[in-house]
Every structure is written in C-alpha cells, then in structure tokens.
Amino acid sequence: MSGPVAAGRWSRRALAAHTALIYLFLWVPIGVLAVFSFNTGRQTAVWRGFTLDWYRRLLANEALLASVRNSLVAAAATTVLATAIGTLAALALRRPETPGRGATLALLFLPMVIPEVVLGAALLTFFGAIGLRLSLVTVVIAHVVFSVSYVTLVVRARLAGLDPALEEAARDLGAGPVETFRRVTLPLIFPGIAASALLVFTLSIDDYVVTSFVAGVGSTTLPLHVYSMLRVGVTPEVNAVSTLLLAVTIALIVAAQRLLRVSSSEGERT
Amino acid sequence: MPRSRRPPRRFRGGAWALLLPTWLVLGVFFLAPLVLTLLVSFRQRGVYGGVEPVTDLGGYITSGAFLSNYARSFAGIYAGIGWRSLWMAVATTVLTLAIGYPVAYSLAVRVPPRWKDLLLGLVVVPFWTSFLIRTYAWMFLLRTEGLLNQLLLGTGVVDRPLEILYTELAVMIGLVYGELPFMILPLYASLEKLDRTLLEAASDLGAGRASSFWRVTVPLTAPGIAAGIVLVFIPSLGQFVVSDLLGGARSMLLGNLIQNQFAVARNHPFGSALAFELMAAVLLLLLAYALYMKRKGEEVLL
Chain A
347 MSGPVAAGRW
357 SRRALAAHTA
367 LIYLFLWVPI
377 GVLAVFSFNT
387 GRQTAVWRGF
397 TLDWYRRLLA
407 NEALLASVRN
417 SLVAAAATTV
427 LATAIGTLAA
437 LALRRPETPG
447 RGATLALLFL
457 PMVIPEVVLG
467 AALLTFFGAI
477 GLRLSLVTVV
487 IAHVVFSVSY
497 VTLVVRARLA
507 GLDPALEEAA
517 RDLGAGPVET
527 FRRVTLPLIF
537 PGIAASALLV
547 FTLSIDDYVV
557 TSFVAGVGST
567 TLPLHVYSML
577 RVGVTPEVNA
587 VSTLLLAVTI
597 ALIVAAQRLL
607 RVSSSEGERT
Chain B
18 MPRSRRPPRR
28 FRGGAWALLL
38 PTWLVLGVFF
48 LAPLVLTLLV
58 SFRQRGVYGG
68 VEPVTDLGGY
78 ITSGAFLSNY
88 ARSFAGIYAG
98 IGWRSLWMAV
108 ATTVLTLAIG
118 YPVAYSLAVR
128 VPPRWKDLLL
138 GLVVVPFWTS
148 FLIRTYAWMF
158 LLRTEGLLNQ
168 LLLGTGVVDR
178 PLEILYTELA
188 VMIGLVYGEL
198 PFMILPLYAS
208 LEKLDRTLLE
218 AASDLGAGRA
228 SSFWRVTVPL
238 TAPGIAAGIV
248 LVFIPSLGQF
258 VVSDLLGGAR
268 SMLLGNLIQN
278 QFAVARNHPF
288 GSALAFELMA
298 AVLLLLLAYA
308 LYMKRKGEEV
318 LL
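Sequence order for the protein chains is A and B. To get the working numbering, take the position in the first sequence, counting from 1, and add 346. To get the working numbering, take the position in the second sequence, counting from 1, and add 17.
It is worth saying that the hints were derived from the structure and are not from the lab. Watch out, some of these pointers could steer you wrong.
Here are the simulated distance ranges between beta carbons [what the hints assert, rightly or not]:
| hint | chain 1 | residue 1 | chain 2 | residue 2 | range |
| --- | --- | --- | --- | --- | --- |
| 1 | A | Arg577 | B | Ala108 | 18 to 28 Å |
| 2 | A | Gly522 | B | Gly63 | 57 to 67 Å |
| 3 | B | Leu74 | A | Val563 | 31 to 41 Å |
| 4 | B | Leu37 | A | Arg359 | 50 to 60 Å |
| 5 | A | Arg577 | B | Ala92 | 27 to 37 Å |
| 6 | A | Phe396 | B | Gly171 | 19 to 29 Å |
| 7 | A | Ser574 | B | Ser85 | 27 to 37 Å |
| 8 | A | Gly474 | B | Ala92 | 25 to 35 Å |
| 9 | A | Ala412 | B | Leu74 | 40 to 50 Å |
Chain A is nowhere near these chain B residues, computed Cβ spacing over 10 Å in every case [claimed, not checked]:
| hint | residue |
| --- | --- |
| 10 | Ser80 |
| 11 | Phe83 |
| 12 | Gly93 |
| 13 | Val107 |
| 14 | Gly173 |
| 15 | Asp176 |
| 16 | Glu217 |
| 17 | Ile246 |
| 18 | Lys313 |
We put the CB at the ideal spot given by N, CA and C, even for glycine.
Using the sequences provided together with the hints, build the complete structure.
Pasting the structure below:
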C-alpha cells in the first residue's frame with residue numbers, strides 16, 4: 347500500500363529540488379555579479395571588503411554618462427511614439443469589422459518574431475539607401491519598429507477584458523463617442539497603456555543587437571558602451587554599471603506587472 | 018465573442034485613420050527595408066563596399082549570377098557555420114524544454130498560491146532583463162580566474178583552472194540560461210489551464226502517474242510546448258551576443274556571420290542573403306507552428 351505513496355513523495359521531492367536548483371541557476375549569476383560590484387578588490391573573484399568606489403568611478407566616466415543620456419533620450423522618445431501608435435492600433439483592432447484587420451495583425455506580429463540581427467541589418471541598409479545619417483533619430487526609429495507590437499499586444503489584452511456594458515451605459519446616459527472614450531474607455535485601459543509604456547522603455551534601454559547596427563558616431567547608447575567595456579575585459583566598473591541597469595529594469599518590470607495585475611483584479615470585480 | 022458583447026461602435030469609418038500611423042511606421046521602416054534587403058541580396062559587392070551596379074540586367078539574371086551569394090552561403094565554412102547554428106539552436110530548445118517543463122509544472126501545480134506570484138515574478142524578471150548583462154554574468158563566473166574556478170580550486174575538486182570561457186560549452190550554457198524563461202512561461206501558461214479532473218479520471222481508470230503524465234498532461238499542454246519551442250528556437254538561431262562574448266574564435270554562429278558582413282567585411286549583399294536565409298528558416302518554422310495550432314483549434318499564443 348505504501349509503495350505508490352512513497353514513490354509519489356519521492357517524486358515530489360525530486361521535483362521540488364529540481365525547481366529550487368533552476369531558480370538558483372537563474373539568479374545566482376546575477377546575484378554574484380551584483381555582490382561583486384561592491385567588492386574592494388580589483389582581482390574581482392575574491393571578496394576583499396565593501397566599497398562604493400566603482401559606482402563613484404562611474405559618475406566620473408564622461409563617456410559612460412554620455413551614453414546614459416543617449417539611452418534615456420532614445421528610450422523616452424521611443425516610449426512616447428510607440429505607446430501612442432500601438433494604442434491607436436489596438437483601439438482600431440478592437441472591432442472585428444475594421445478594414446485590414448487581419449493584415450494589420452500579421453504586420454504587427456512580424457517585428458516580434460523576426461531575428462533582431464535581420465532587423466538591424468535591414469534597417470542599416472535602408473538608412474544607407476535613403477541617405478539618413480545614423481544618429482539617435484535612427485536609433486529611435488528602430489526601437490519604435492520593434493516595440494510598437496508589444497504595446498498593441500498589451501493594450502488589446504486590456505481592451506478584451508473590458509466590459510462593453512460600461513461604454514454602452516455611458517452612451518445611453520447621453521455621452522458622445524469622444525466623451526465616452528475620454529471618460530470611460532481611456533481610464534479603464536489606462537493601466538494597460540502605462541504598463542506597455544514601461545515595457546517599451548525597458549526594451550529600448552536594454553537593446554543591444556538592433557542598436558549596434560543603427561547607432562552612429564555620438565549616439566552610443568548605454569548597452570553599446572557596456573558592450574565595448576566588457577569586450578575589453580571583466581572589471582568591477584562593468585559589474586557596477588550592470589547592477590545599476592539591472593536594478594532599473596527590475597523596478598520597471600515589477601511596476602508594469604503590478605499595474606497589469608491590479609488592473610486585471612479590478613476587472614474581475616466589476 | 019457573442020454578438021451582444023460586441024463593443025459599441027465608435028469612430029465609425031475612422032478605424033483606418035487609427036491604423037495609419039502603424040502602417041506608416043512599419044511600412045516605411047520595416048517592410049521597405051526587408052524588401053530592399055532582399056533586392057540587395059541578389060547583387061554583388063562593389064569594389065569600395067557598397068553594391069556593384071548591374072549593367073546588363075537580362076544577362077545578370079539568366080546567367081544565375083544573382084544567386085551567387087546564396088550559393089556561396091551553402092559552401093565551405095559558411096555551410097559549417099549554418100549547421101553549427103542549427104545544431105546549437107536545436108540543443109538549446111531541447112535542453113530548455115527538458116529543464117523547464119518540471120519547473121513550469123511545479124509553478125502551476127505544486128507551489129502554494131501565496132508563493133506563486135513571487136516565484137512567477139522571479140521567472141518574469143529575467144525574461145525582460147538585458148541579455149547582455151545576463152551573458153556578462155557568465156563571463157564573470159566562468160573565466161579562468163573567475164568564481165567557479167576559485168571555488169573548484171579552493172575545494173580541491175580540480176588542481177588546474179578549467180578553461181570553460183571561450184568554448185562551445187560556455188556558449189551552450191549562456192544560451193540555455195538566456196532562453197530558459199522564454200520556455201518556462203508559455204509552458205506555465207498551458208499547465209495552469211490544465212483541467213485537473215482529467216488527471217483524476219485517468220487515475221480512476223487505472224493509469225499510473227507516469228502513464229497519466231505522458232498520455233494526458235503532455236498532450237494537453239502540447240500548445241504550450243509548441244509555443245515554447247518557437248520562442249526559444251528563433252532567438253537561438255539568430256543569436257550573436259552570447260556566442261560573441263562567451264564563445265571563442267571557432268564558435269561563430271550565423272548571427273555573428275551576418276553581423277560581420279555588415280560591421281567588418283562590408284559585404285552587404287552577402288550579409289543580406291544570409292539574413293534572408295535566416296528569416297526564411299524562421300518563417301517556415303512559424304508557418305508550421307501556425308498550421309499546427311490551427312489543427313489543434315488553439316489560439317496562436319504569440
């Protein structure tokens with residue numbers, strides 16, 4: 347009798363152990379990287395004591411700061427453009443009778459699945475052909491291209507969970523289409539829009555592959571600068587800048603997840 | 018969606034105006050560049066980089082010269098790089114599936130609800146964080162004087178540091194590490210939806226654990242498995258950061274080769290041909306995936 351039960355307990359333990367190991371595998375490398383950004387020793391694999399020196403050095407690194415500025419400008423511009431364009435598309439795609447709906451969905455699907463190296467190469471060739479000099483402008487264009495689909499995806503999910511009765515009620519109470527949109531639809535889907543904006547910001551500030559093709563002289567972004575640093579070698583400064591970038595990304599993602607979760611539980615209540 | 022739940026009509030007739038910005042941006046800066054790349058892939062590299070002008074178009078086409086970049090990509094070292102990329106992508110997909118399925122199963126079925134959000138979040142965060150930094154983390158761990166070697170030397174497991182960094186093994190570790198969240202999340206999504214009563218029914222009908230797992234759980238989560246395969250295989254096939262940073266000179270992958278043609282060799286036509294081959298492989302896989310999902314009557318998860 348105890349045979350299958352014991353086997354069950356054993357397999358449960360094996361499963362739990364495997365899962366725990368994989369979580370360690372996912373997080374230990376990142377954790378170690380972060381811990382050693384506070385290490386006094388230059389010989390980075392031995393712990394010698396706590397310091398914030400490497401972070402202080404980053405603040406004195408002009409080239410690095412310039413790349414941070416470029417990244418922030420590009421990410422901000424990308425976020426505004428991609429969120430606006432993607433949200434408009436999501437609104438149009440909500441109605442099944444929208445003309446060109448299938449074609450638009452296919453068009454939005456492609457940038458999400460095309461290999462980044464192909465997109466980068468194609469844009470580089472294109473910018474060269476139309477004579478557009480590589481700069482932050484070309485970086486922003488490229489980032490908008492690969493991130494607009496994510497906005498439509500997130501906002502469409504939010505729209506799909508919306509109760510049409512709320513908008514119908516607004517119309518029945520005499521609100522026009524614009525007023526219904528502004529005072530009912532928009533507030534209801536706002537968490538989705540905000541979350542997608544955070545995701546776009548993250549995608550933009552983290553991107554290396556596509557950016558490496560379309561950034562020109564003077565438009566080096568943070569990931570490009572980090573890449574050039576770590577190709578030279580492993581240094582505590584790289585650990586420090588990686589840790590900072592990681593912290594920013596984690597904060598953005600947690601905020602986006604919160605927005606989406608809170609908004610979905612609100613949806614359930616109504 | 019039942020008809021009564023259709024959203025009220027707004028912006029009547031103006032939907033195309035809302036789609037216009039998307040079509041403008043993606044038409045000009047996505048479709049046009051792809052078409053241009055396809056055209057360039059049929060041309061030859063000019064003497065100073067750039068593209069050699071074609072004087073006799075008829076002759077250029079009938080002689081088959083327009084396919085020379087494609088022919089070149091299937092010969093010699095380039096074929097080798099192609100095969101290695103394919104092999105690495107397949108290995109990454111198989112490994113992430115084997116490692117990730119039990120984790121997704123734990124998350125969906127075993128983990129108590131109050132831990133679920135946290136544990137799921139711990140997979141979602143790496144999903145979105147920079148591939149670059151996650152790859153660097155392994156450079157930091159694996160290098161000769163890195164933490165792993167310090168640990169192994171210190172405990173006397175080895176007496177000489179292991180040379181893992183800049184090998185194919187390092188690339189493999191980096192790929193599996195980087196892609197694992199992309200496998201776990203779709204698997205979790207389909208395991209979460211699994212109707213537990215079907216497993217009870219299987220057990221009532223006398224199926225053992227293993228048999229109900231292979232004959233009920235796995236087939237029912239096949240759409241999640243398919244989505245995971247697609248999400249992992251595509252980026253692995255075009256990867257170049259991981260192989261550039263963790264691999265040695267001999268572990269060049271298709272992604273590196275393409276990047277090289279644009280950044281170093283300045284042979285845009287050849288690079289474009291390689292890019293198109295990569296894209297064709299990806300689109301074929303996606304087509305197979307879409308057909309499979311359609312046959313299963315499932316909504317495409319991407």
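Checklist entry - Broken hints, numbered, in rising order? => result none
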